[in-house]
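Visitor: Order-wise, the sequence lines are chains A and B.
Our numbering numbers the first residue of the first sequence as 1 and each following residue consecutively.
Our numbering numbers the first residue of the second sequence as 102 and each following residue consecutively.
It is worth saying that the hints were derived from the structure and are not from the lab.
Errors might be hidden in some of the hints.
Restricting the straight-line Cα-Cα distance to at most 25 Å, the calculated cross-link-like pairs of lysine to aspartate or glutamate (DMTMM-like) are [claimed, not checked]: (1) K36(A) x E346(B); (2) K240(B) x D15(A); (3) K79(A) x E5(A); (4) K79(A) x E245(B); (5) K252(B) x D205(B); (6) K36(A) x E168(B); (7) K228(B) x D253(B); (8) K36(A) x D253(B); (9) K273(B) x D290(B); (10) K252(B) x E346(B); (11) K240(B) x D253(B); (12) K32(A) x D327(B); (13) K476(B) x D423(B); (14) K273(B) x D96(A); (15) K36(A) x D87(A); (16) K194(B) x D224(B); (17) K32(A) x D187(B); (18) K228(B) x D206(B); (19) K32(A) x E76(A); (20) K476(B) x E76(A); (21) K32(A) x E137(B); (22) K228(B) x E168(B); (23) K81(A) x E137(B); (24) K289(B) x E137(B); (25) K228(B) x D205(B).
Just so you know, these numbers come straight off a predicted model, no measurement behind them.
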Amino acid sequence: MSVNEIDALRARIADCWTPPPGGLGADQIVVKLRLKLNEDGTLVGYPTVANSGSSPFFQAAADSAVRAVYQCQPYELPKTKYALWRDMILNFDPSDMYRSG
Amino acid sequence: MPSVMPHPIYRQSVALALIALLAALAGSQPARAVVELNITQGNIQALPIAIPDFAGDGSVDPQEAREISGVVAADLRSSGLFNPIDQAAFIEKDVGTDSVPRFDDWRVVNAQALVVGRIGSSDGRLKAEFRLWDVLAGKQLAGEQFFARAKDARRVGHIIADAIYERITGEKGYFDTRIVFVDESGPKDKRTKRLAIMDQDGFNVRLLTTGQNLVLTPRFSPSTQDITYMSFEGETPRVYLLNIETGQKEIVCAFPGMTFAPRFSPDGQRIVMSLEREGNANLFAMDLRSRRTLQLTNTNAIDTAPCYSPDGRQIVFESDRDGSQQIYVMAADGGNQHRISQGEGSYSTPVWSPRGDLIAFTKLLAGQFLIGVMKPDGSGERILNEGFHNEGPTWAPNGRVLMFFRDSPGAAGGPKLYTIDLTGYNERQVATPAFGSDPAWSPLIN
Numbered sequence: 001m002s003v004n005e006i007d008a009l010r011a012r013i014a015d016c017w018t019p020p021p022g023g024l025g026a027d028q029i030v031v032k033l034r035l036k037l038n039e040d041g042t043l044v045g046y047p048t049v050a051n052s053g054s055s056p057f058f059q060a061a062a063d064s065a066v067r068a069v070y071q072c073q074p075y076e077l078p079k080t081k082y083a084l085w086r087d088m089i090l091n092f093d094p095s096d097m098y099r100s101g
Numbered sequence: 102m103p104s105v106m107p108h109p110i111y112r113q114s115v116a117l118a119l120i121a122l123l124a125a126l127a128g129s130q131p132a133r134a135v136v137e138l139n140i141t142q143g144n145i146q147a148l149p150i151a152i153p154d155f156a157g158d159g160s161v162d163p164q165e166a167r168e169i170s171g172v173v174a175a176d177l178r179s180s181g182l183f184n185p186i187d188q189a190a191f192i193e194k195d196v197g198t199d200s201v202p203r204f205d206d207w208r209v210v211n212a213q214a215l216v217v218g219r220i221g222s223s224d225g226r227l228k229a230e231f232r233l234w235d236v237l238a239g240k241q242l243a244g245e246q247f248f249a250r251a252k253d254a255r256r257v258g259h260i261i262a263d264a265i266y267e268r269i270t271g272e273k274g275y276f277d278t279r280i281v282f283v284d285e286s287g288p289k290d291k292r293t294k295r296l297a298i299m300d301q302d303g304f305n306v307r308l309l310t311t312g313q314n315l316v317l318t319p320r321f322s323p324s325t326q327d328i329t330y331m332s333f334e335g336e337t338p339r340v341y342l343l344n345i346e347t348g349q350k351e352i353v354c355a356f357p358g359m360t361f362a363p364r365f366s367p368d369g370q371r372i373v374m375s376l377e378r379e380g381n382a383n384l385f386a387m388d389l390r391s392r393r394t395l396q397l398t399n400t401n402a403i404d405t406a407p408c409y410s411p412d413g414r415q416i417v418f419e420s421d422r423d424g425s426q427q428i429y430v431m432a433a434d435g436g437n438q439h440r441i442s443q444g445e446g447s448y449s450t451p452v453w454s455p456r457g458d459l460i461a462f463t464k465l466l467a468g469q470f471l472i473g474v475m476k477p478d479g480s481g482e483r484i485l486n487e488g489f490h491n492e493g494p495t496w497a498p499n500g501r502v503l504m505f506f507r508d509s510p511g512a513a514g515g516p517k518l519y520t521i522d523l524t525g526y527n528e529r530q531v532a533t534p535a536f537g538s539d540p541a542w543s544p545l546i547n
């Protein structure tokens, strides 16, 4: 996939993602989602959370990532490259977004 | 053919992991690629949440049930993190706590979460039930049933709001709390100052003193049943202890000298305060049971505004021993006194966050009063706001929201209470009957 197509996909998901508000250590939480897409850009079933965390913020962060991916469908991606984007891993990492202390 | 796995170069760039197994032979499987992307930007926006009126189960006035869901909506909105959706837009009506909502109806109005509740009465007590639904995923996030005294109807709303806030943000809530403050009324040159206590949303205000004597710096005990404060009654201004329920009042210690700026230790066993003698002020800790006192500082300076760390092992305080008001930290027994404030200007009223990660303070710089936070080692100083006379921050028990007071100039002006989020956003005025100053935030009551 081209850089433009990747950037467009990232921007689309970023538009839909509201990370949970920061807390002690919340900005260090990365959520790894695995998802599969149909050719029309809709989700196949449910995104799965591929990592785990012991922090109380992990659940809230994971929920926010799943919510973002759900809300954003269908995804407009080139059908000719379906084999490339049918199976995706997304790493949601909010650390850049929090005002530094 | 070897598989290729490039590493992300820098955080903002796209990370692409292509596992491409290209068989050279015809008839082999087509390449199976897994795209991996880093999502490092999103929106800070309030979560759209639908809160239909809570139902009464027939044993309570429906108006009372509606008041409780109103408290939930107001609390969540006031945090700046939730955006309750206008009820006029709702499609599904009368969704009960016993049924599964029609999620499509709620997705259409752009709700991401839905709260359903029911209030009943049983043996003279209120029975409350609620469910929190994730509308997009179509699953329940939380659900509880609990009982409360009939007069605690608003607390039911605050407790439910805390449960929702915690489940969605991951942070502990702060709505089921009280504020103690100094109520100020009358003309500017002749203010009546009375101790007052209220719910954090401004309701249920109760005056605790008559206004005959000047009162300052009220602070809660960890049990939220007692308040310590300074009063100018009697010959010498002193620190007092007041039981909120019984109204019983006592002098904390009969020192020969003015005592002020009292605070409880996190275990409620001690009060730390400042004692003035011959122009100096030093810090003392008193054990409330034995009444034994321990002198913590001994300088020819004004040491005041002490505040314990949440683990009770350290105390942050204000001192002018270096020539100007600055912030110091010491061990709870007075050892290792060291300065932590580093920036320009002077610093006062330090308060240690209940999470332990930050110390909030008032800063005076170039004639401006600012509220800021810094780490306990003094690094990472960040100003949250500035303006005419902002002062006296106090932390909500979740360590995320601060309350402070701000004076307004002019003969008709006076101090008002405000809250602000740690990110510096969502500054709001807190309703008080008249003017208000010197707030202190209680721990969670529940």
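Visitor: Each hint needs a verdict: does it hold in this structure or not?
Guide: Hints, one by one, checked against the model:
no.: 1; hint: K36(A) x E346(B); result: violated (59 Å)
no.: 2; hint: K240(B) x D15(A); result: holds (23 Å)
no.: 3; hint: K79(A) x E5(A); result: holds (12 Å)
no.: 4; hint: K79(A) x E245(B); result: violated (46 Å)
no.: 5; hint: K252(B) x D205(B); result: violated (38 Å)
no.: 6; hint: K36(A) x E168(B); result: violated (44 Å)
no.: 7; hint: K228(B) x D253(B); result: holds (11 Å)
no.: 8; hint: K36(A) x D253(B); result: violated (49 Å)
no.: 9; hint: K273(B) x D290(B); result: violated (42 Å)
no.: 10; hint: K252(B) x E346(B); result: holds (15 Å)
no.: 11; hint: K240(B) x D253(B); result: violated (30 Å)
no.: 12; hint: K32(A) x D327(B); result: violated (47 Å)
no.: 13; hint: K476(B) x D423(B); result: holds (21 Å)
no.: 14; hint: K273(B) x D96(A); result: holds (23 Å)
no.: 15; hint: K36(A) x D87(A); result: holds (5 Å)
no.: 16; hint: K194(B) x D224(B); result: violated (30 Å)
no.: 17; hint: K32(A) x D187(B); result: violated (34 Å)
no.: 18; hint: K228(B) x D206(B); result: violated (28 Å)
no.: 19; hint: K32(A) x E76(A); result: holds (22 Å)
no.: 20; hint: K476(B) x E76(A); result: violated (45 Å)
no.: 21; hint: K32(A) x E137(B); result: holds (10 Å)
no.: 22; hint: K228(B) x E168(B); result: holds (14 Å)
no.: 23; hint: K81(A) x E137(B); result: holds (15 Å)
no.: 24; hint: K289(B) x E137(B); result: violated (64 Å)
no.: 25; hint: K228(B) x D205(B); result: violated (30 Å)
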